[in-house]
Amino acid sequence: MGLGAALVAILPLIGVVATALGDGQADIALSDLSRYALTSVALSAQVAVLTAVLGVTAAWLVVGHDFPGRRWLSWALALPLAAPAFALAYGYADLFDAAGDLRIWMRGTLGVDMPFEMRSLGGAGLILSLAFYPYVYLAMRAALLNQSSQAIEAARMLGASPARAFFQVALPMARPALAAGVALAVMETLADYGAVQFLGVQTLTTGVVRAWFVFGSVEAAARIALPLLAFAAVLMWIERMGRSGADHDSGRGRWRPLTLQPLPPVKAALATGFCLMLVGLGLVLPLGWMAHTMIDITPEWPRLIAAARHSVGLAVIAALVTVALAALLALGSTRHPLAARIASLGYATPGAVMAIGLLIPAAVLWRLVPGSVGGFGMGIALLIYAYAARLMAAAFEPIEAGLTRVTPSVVQASRMLGRSETGTAWAIQLPLARGALFTAALVVFVDVMKELPATLMLRPFNVDTLAVMADNYARDERLANAGWPTLLLVLLALPAVLWLTRKISTSRPGEP
Amino acid sequence: MTDRPTLTATGLARRYGRDAGVHVVDLTLVPGQVTALLGPSGSGKSTLLRLIAGLEAPDAGEIRLGETVLSWPGQTVPPEHRGIGLMFQEHALFPHKTVLGNVTFGLSHLPRAEARDRALDLLRSLRLEDRAKAWPSTLSGGEQQRVALARALAREPAVLLMDEPFSGLDASLRAEVRDALTPALRAAGAAVLIVTHDAEDALAMADHLVLLDQGEVLQAGTPEACYLRPVSLAAARMLGPVEALPARVDGDAVATPLGRFAKPEGEATGWQLLVRPGDVRLADQGVAATVVARRFAGNVTDVTVVMIGPDGEHRLTVSHAGPVPAIGQPAFLALAPDRALVVPA
Amino acid sequence: MTKPFASVRALAGAFALGLLVAACGQPESETKTADTAPPADAGVVNLYTARHYDSDLRLYERFTELTGIRVNRIEGNPDTLIARMQSEGEASPADVFVAADAGALWRVQDAGLFQPANSTMLQEAIPANLREPGGHWYGFSRRARIVAYDAAKVRPEEVDTYEELASPRFRGKLCVRSSDSVYNLSLVGALIEVWGEAKTRAWVEGIVANMARQPEGGDRDQIRAVGAGICEVAITNSYYYIRLASGEDAGDREITERVKLAFPSLDGRGAHVNISGGGVAANAPNFDNAVKLLEFLASPEAQSLVAEYNNEYPASPSVTVPAPVSAYAPFEAHPMSVARYGPRQAAAQAMMSQAGWR
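Residue numbers (full-length UniProt numbering), protein chains in the order written: chain E, 1 to 512; chain A, 1 to 345; chain V, 1 to 358.
Please keep in mind that the hints were generated in silico from the structure rather than gathered at the bench. Using N, Cα and C, we set each Cβ at its ideal position, and we do this for glycine too. Any given hint could turn out to be false.
Now the stretches of chain V that chain E is said to cover, found in silico as 3 or more residues with beta-carbon under 8 Å [as the list claims (entries may be wrong)]:
hint : segment
1    : 69 to 82
2    : 126 to 135
3    : 215 to 223
4    : 247 to 254
Same shape as in the complex, but just chain E:
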């Protein structure tokens, strides 16, 4: 069963590899390809460094120090997760456009211009970092909360200043979490489609798209995608290593949370300011600007509401299906650990690459079931399948974590009392892990709400989601119109993100 679920997830990846083996040429100069690859690496490196600095600083401030607003900032800092990266790209590109009011005012009144463009590698790195730093923040926050204060106190007792205790003890001990968080941020960067494309930064994904769209060669596109897949696999591996490393030092012995260090007024104000700035730059400023520009536009309410219904409906179904499959995978993961690893690859797969791979299982389905292509239900099923393949890892992680907290003896007791393995899963494991199942469902829900490339490719007739609508307007260079679906999307995703972050912020080691 676990194997079956894993197969579901990796079919598109097999599709990419199979396609890459086919004939087909794209006349893309090697120099261009290497430039795309370098840009991808440079962008990933930027995002890795920036998300690490921002996320670690925020987590360390919130977990280890007391300052005004700490309590609500500790969950508010994760809220940018509700905003898709392309939304931030729209907002920032427009706000800081060289020909925009702000820059004209800066040049005219202040006599200075912005030192860099948002529509550039640097700008894209900044925007994606602001969108993805919550991954590092959440991972580091959990790791620091899990760390017993004893290690830091031991360092202090051995003469280390608070700073040295953090950099030499707390941070190295949380290194697995840092690696995992950064790997997630970089994977999201590689998988990004909307933001990078809108900002005109040409990454390897650009190469895939150019080979496919301009030169019309899916095969060449798939070949360009292979290094991306390899990169993703390496990141996935790093992330898994991070998780396995995190196991050995948590949960043993008498756990005591870190002592909150009171900060003197000036430093406290700086800490509050830094956290507010992150939330502001990651959510409030770009979306606020979009809200400002869209205020003159009267949206087409019926279309907007229909798109919202589609977004929410797809996200809910995808959450249910993905969680069901991921639960199968997790229940079987002790037996097939490799299957679980491979199935997680989809998460790091760039959207355009996933799209190529998805066409192959789709084609099989279309040919197997004549008339299914136009069929609404089949179209939806295929789309749900795409979501499940892409987000399997995101759902798998919390469910696996939840299941490992179920003591083996409880499972064995159920088997001794005459329940089958499946019966035990239903009666014991899944109910005990229901919190984890719900968390996984919410993660999938939020990600599907923001999803773009697979939806663009595979949706059936007359199904527009909010993300698709926003993308359409943006491609038509009507950013003000794109504001409405974007903001509605964020508003609908926000409660789920809120629930997730509040739950994360109250959970303690040893609790389910």
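We have chain E; now place chains A and V onto it with these hints.
Coordinates of chains A and V only, in the frame set by chain E:
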């Protein structure tokens, strides 16, 4: 090594600690001497330890090391500047540093080579020199504990605090490690404070014993004094099982179910007689009782007897070496006057 | 747990859920046309469209009003849609494919995904150079790829040919979007057709040398960059400028008072023109309805509506141009067949990449 200062805590109080609070505690830690702080969980002993370590600030009172004030209400010299070492209950070894890395961590003020040499010396004295390159997760519980000790001693602290140092070890290893450790601690010359809930550890190691309950010191003194002359039932119970029998004042003496004993100095509203199981003997004559239960425990047999006195029935358990009457048979109890512990009720 | 059927069951469950949504999601496309009392249900037409304009929806609603044929629609990137049609093969439900670039239409044809629709009405309504000779696809609206210039710094006669844009006169003073844009690909494809490889290559290199900044943003952003003084000339599609000039944003309207539109001429025969158009899919299940949709799009009413909604030019010279497009309508369009751009796009992309046009 010889002119190390004494740590004195006076009027120390901490009301809302994370653990139980501490109410007005005085404590003195003398160099070269091992003080054991004994108390059940929730007695405030961990809070007291954290106050001395500087991990928390007191609400009242102060802590001095020699002439230097380390803590005063609401303020505390940060732990890294106090010259106090702390061995954590779970050892808190840094999992990402080797044994040597752990021990040299506190020696960052020394040149690298010198720090390394000192650490290796310490490890050698604790028979750990071959584990210098090992990772903490590969060490046994006893080894981890010795590394933690080496790490704490490396800085030559004036005061060494040890939080439940033997709690992680199983019973067979415990006595061995404890007995090996005690000379090393004395040799270090620091004022040592051991916090523990185990009476056996405290009695075996301490030069000076402090009994703490509900944030207050019940009794302080040598282990012998505390054991032989408890000031209250609560203090006596901390050092071993004890049973209380009523004692009625009768002139200069108190009358108890086990006979008459001298009344101690001082005034109290009432008195009681404390009896440890090994102190009462089964004899040929004495106070008459009936055996109601017996439990064989190896070199002794625990015998439960019932005495009928003027003020009712009293039940008592006696540990006796030698033959024991059968259940339902009479027995005679004798308590030597020097073992009679009469304390205020 | 390892029973192979279990995963099949899980998948089947997923599909069942999908069908469930189908049941609750389907009716809405029907309600749209209910109040306009259409003719009896005349079936459906399935449209794959790479145009992504809100206004097109109103166009399709009008079609349903007139014919009773419901329009099912998927929007997407042209090549995503092509890939999808290829994967769907003979089972493809696509009846009509519509794109906003002649090159994209050619690629569909090249992939064998169009079939001829030899309707007399279409052939009469659409000029010969705006449709594929074999009837595989037809252009319904035109957009010119022309020049927006800073009226204070540039004289109109300095931008009345495409060559001038690459001349040293505009060194560091030109704004243009990236070479990924199909509009640029078709423009350069047309230049290759007229000038040949060598001259076009020199032109592309001249453009790259003239760039005021690395390509960023869309056409609208280039016009606004001229307005902000970042460059003096920008290459843009006509409707983006017209949209700024007649839109709701006061700031944008103010820009177009300083930034004017020029129609450069290619070899003295007029400005480069691209089309929006469509054709009947090779495996169209509703062939008749597909042709009806194309004929509707070619009708004077639809052409006029597109011009009005999206500020494009009608394809037929006979259709009256509505405001505000009418103010920009009197220009000479190059008579080259738009079917020539597509085959040149790959060469154009290679040439632009080599020259460093991002």
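> Against the structure shown, which of the earlier numbered hints fail to hold, in ascending order?
Replying inline: Hint 2 is the one this structure does not satisfy, whereas the remaining hints hold.
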